[in-house]
Amino acid sequence: MTVGQAGADALDALYWRAEILQALYWMRGEGLADAVAPASLASFLAAEPATVDRELRRLTEDGYVMGVDREVVQYRLTDRGVAEGGRSFHDEFAAMTRPAHGECGPACWCRDPKHAGEPCPSEPPPRTRPEPAPQESPRGS
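Sequential numbering of the sequence shown, starting at 1, is according to our numbering.
By construction, these hints were calculated from the structure, which means they are not laboratory data. A quick note: this is a predicted structure, and the numbers were derived from the prediction, not measured. Quick reminder that beta carbons are idealized off the backbone N, C-alpha and C, glycines included. Treat each hint with caution, since some may be false.
[To be verified] Pairwise CB distance ranges (calculated):
#, residue 1, residue 2, range
1, G105, R57, 17 to 23 Å
2, A116, V72, 44 to 50 Å
3, V73, Q5, 42 to 48 Å
4, H115, E48, 50 to 56 Å
5, P113, P134, 41 to 47 Å
6, R80, G31, 18 to 24 Å
7, P113, R87, 26 to 32 Å
8, V73, A95, 33 to 39 Å
9, P113, Q135, 28 to 34 Å
10, R70, C104, 41 to 47 Å
11, D69, E48, 23 to 29 Å
12, A8, A116, 32 to 38 Å
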């Protein structure tokens with residue numbers, strides 16, 4: 001194996017580690033699956049089943065996932081996998097999961113129970129309906 005090939009293989013392993021751990025972390029967090037079969041994960045990731053199976057075995061050796069004894073072999077995150085999957089997921093999707101312009105963040109004072117019912121300063125004031133124009137009376141009456 002050449003140095004270039006070894007480097008490409010290392011990058012592939014990093015890519016698949018991040019993809020698999022993020023997918024397992026997301027599935028777990030959304031309550032979709034606590035453990036996943038390699039074929040199902042490959043379908044979800046639109047990847048070759050052999051690649052996902054190989055990488056899950058590597059992640060098992062590295063302590064990120066563990067096999068679960070079921071009718072079909074499934075894998076779940078270990079504590080180490082949850083930590084790394086969460087960090088990787090946050091890094092990848094931080095721009096999409098942070099509050100948007102004009103939205104308050106988790107530390108906003110409006111989330112304090114002492115301020116319950118008070119409007120959040122980041123929300124626009126409620127729109128008021130314009131008063132209807134006075135109706136003119138018909139002529140000749």
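Verification of the hints:
no., hint, verdict
1, G105 to R57: 17 to 23 Å, "violated, 40 Å"
2, A116 to V72: 44 to 50 Å, "holds, 48 Å"
3, V73 to Q5: 42 to 48 Å, "violated, 30 Å"
4, H115 to E48: 50 to 56 Å, "holds, 53 Å"
5, P113 to P134: 41 to 47 Å, "holds, 46 Å"
6, R80 to G31: 18 to 24 Å, "holds, 21 Å"
7, P113 to R87: 26 to 32 Å, "holds, 31 Å"
8, V73 to A95: 33 to 39 Å, "holds, 35 Å"
9, P113 to Q135: 28 to 34 Å, "violated, 47 Å"
10, R70 to C104: 41 to 47 Å, "holds, 43 Å"
11, D69 to E48: 23 to 29 Å, "holds, 25 Å"
12, A8 to A116: 32 to 38 Å, "violated, 56 Å"
Comparing the model with each numbered hint stated earlier shows that hints 1, 3, 9, 12 do not hold.
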